[in-house]
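> Protein chains in written order, with the numbering used here: chain A, 1 to 78; chain B, 1 to 205.
Quick caveat, the hints were computed from the structure, so don't treat them as lab data. Since we're looking at a predicted model, the values are computed, not measured. Where is the CB? At the ideal position from N, CA and C, for every residue including glycine. All the pointers check out, no bait thrown in.
Here are the simulated SDA-like cross-link-like pairs (lysine to any residue), alpha carbons at most 20 Å apart as the crow flies:
1. A/Lys-36 x B/Asp-120
2. B/Lys-178 x B/Ala-168
3. B/Lys-45 x A/Tyr-35
4. B/Lys-178 x A/Val-46
5. A/Lys-36 x B/Phe-38
6. B/Lys-130 x A/Tyr-35
7. B/Lys-130 x B/Glu-42
8. B/Lys-130 x A/Val-34
9. B/Lys-45 x A/Arg-39
10. B/Lys-129 x A/Val-34
Computed Cβ-Cβ distance ranges for the label pairs, DEER-style:
11. A/Thr-41 x B/Asp-24: 30 to 36 Å
12. B/Leu-201 x A/Tyr-50: 50 to 56 Å
13. A/Leu-59 x B/Leu-32: 26 to 32 Å
14. A/Leu-59 x B/Tyr-175: 29 to 35 Å
15. B/Ile-35 x A/Pro-33: 16 to 22 Å
16. B/Leu-68 x A/Thr-41: 19 to 25 Å
17. B/Lys-129 x A/Leu-59: 41 to 47 Å
18. A/Arg-39 x B/Arg-90: 43 to 49 Å
19. B/Asp-12 x A/Gly-44: 44 to 50 Å
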Amino acid sequence: MIRVLLSISLFFLLFADSFAQSNARMASEAIAPVYKVNRWTTGGTVVVGYVTSQIGFNLLGISPEFRKMWSSGSSGLM
Amino acid sequence: MNAFDRWVFNFDPNDRKQAQDISDLGLRASVLLPIALFIDKEIRKDWLDVSLMYLQSQVLALNIYTYLGAGAFDRYRPVTYVEELSVEYRSESNNARSFFSGHTSNTAVATFFAAQVLNDYHPHWSTGKKALMYGLAAVPPAFVGYYRMKGYKHFPTDVMTGFAVGAASGILIPYLHKRSQRRSNLVYFPLINQDAMGLYLEARF
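Just chain B, with the same shape it has in the complex (with noise of 0.2 Å):
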């Protein structure tokens, strides 16, 4: 085991079934969050839309998570390293889907998916907002995730795959589907002064 991922056995094992109740509150009350992108009357007028992207953007990180994390690796949870556990406890067979973290994934998705749509809908919003709005989506996950690791349920590079997943996944569902909007980023128009007749040229990339 890389010395990165050992950094999770300096949390008390004898935490982590309170860490484990915390990440699955985190991810029930995460989950439930888009909702609240229906305050906005604009985006309430789509909610079916938008329900379905959301539904569509949870079920492709849960087939990631099955088909490439859990299912197709065996990595063994961090409470199996623990030898004050009982062997029972320790040997069973959930407790080799420790790659990748699927509540934070699902959590990710679910913050990510609301940052992006908000942002989609407000195209005016500065560069600075729209990137605040990533930044706060992350939150949620990295709460979720910390307390999976206090859990001694996965390792770091478990919740940093998932919350990669998740994001993606959250962003990438309404970046398909988005209306193509094909504007031009040539603005012209004609300069004359006393001196001179010319023409303005302003591209942006």
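Extracted from the complex, chain A is given alone in its bound form (with noise of 0.2 Å):
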């Protein structure tokens, strides 16, 4: 008897458990944005980026000679 009443209420634990996942599990997939953006901070490194792009490319990228002097230090761009 004792045997059968456990398992009759491990049954309902399990299946409300199961229910109660899934629940949550479709509430959040209908509510949760998809990206976590911090638009400051996205915002931030695309304006650094694209300086940091400008600089190398105009640095680095102009011509071979000049690409020669930086990588040579002091005797070229110094």
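Two chains, two separate frames, one set of hints: put the complex together.
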């Protein structure tokens, strides 16, 4: 008798838990945004990244001669 | 020069100007492609976040190109090997920027970013459909890359590297911004019938 009662209790507990998990999953999928974006940080990296790419493009990529000066250090740019 | 890259000289150098124009057009059209994402109502709601991520992806690829590509390697473009052209033209400083293809890279950023965002907003899509999106995303950079080679601007390995860098940037930035969704990979429920009583377990990997 005790075994039957325990089994039935276990059944309802597992069923309730499974149902609760399923509901929670469905709710989170419905309302949660897809991405987490900090606009200040992301916008900041865009601005900084653009500036660094332009600096690099003009200093390193403008000509092979300029690149050689850059890589040779003091004999070039300094 | 390796045999694989020498394949580029199969193209007629006289067609190079037209091919360059086509590749420029392909690049311009592709970088605007992610705007089409906003046709989707759900994505349109997050237009600012998606736009910022897109710019971040492009800027990442641009910095990789600058510091680890053209700015770091002296590789001469295929056009410098065409003896019929004038020495002045072939020795322009810009002709040392063969590695890697920025056109292909920026195109790949745009298309793979669009594919990744679409897939993220539609998690219910099948694996096949998601794979199809990536397959479609590969077409524009392959097209641009082909015409960059035909235009005597890049060797095949330059285009392949640009493709890889662009695709990685386009996928990586949205992926890193993706809100972590902690879901249980374990499904379980009790099983009871006349002969037995047990527990059903299903684990997903």
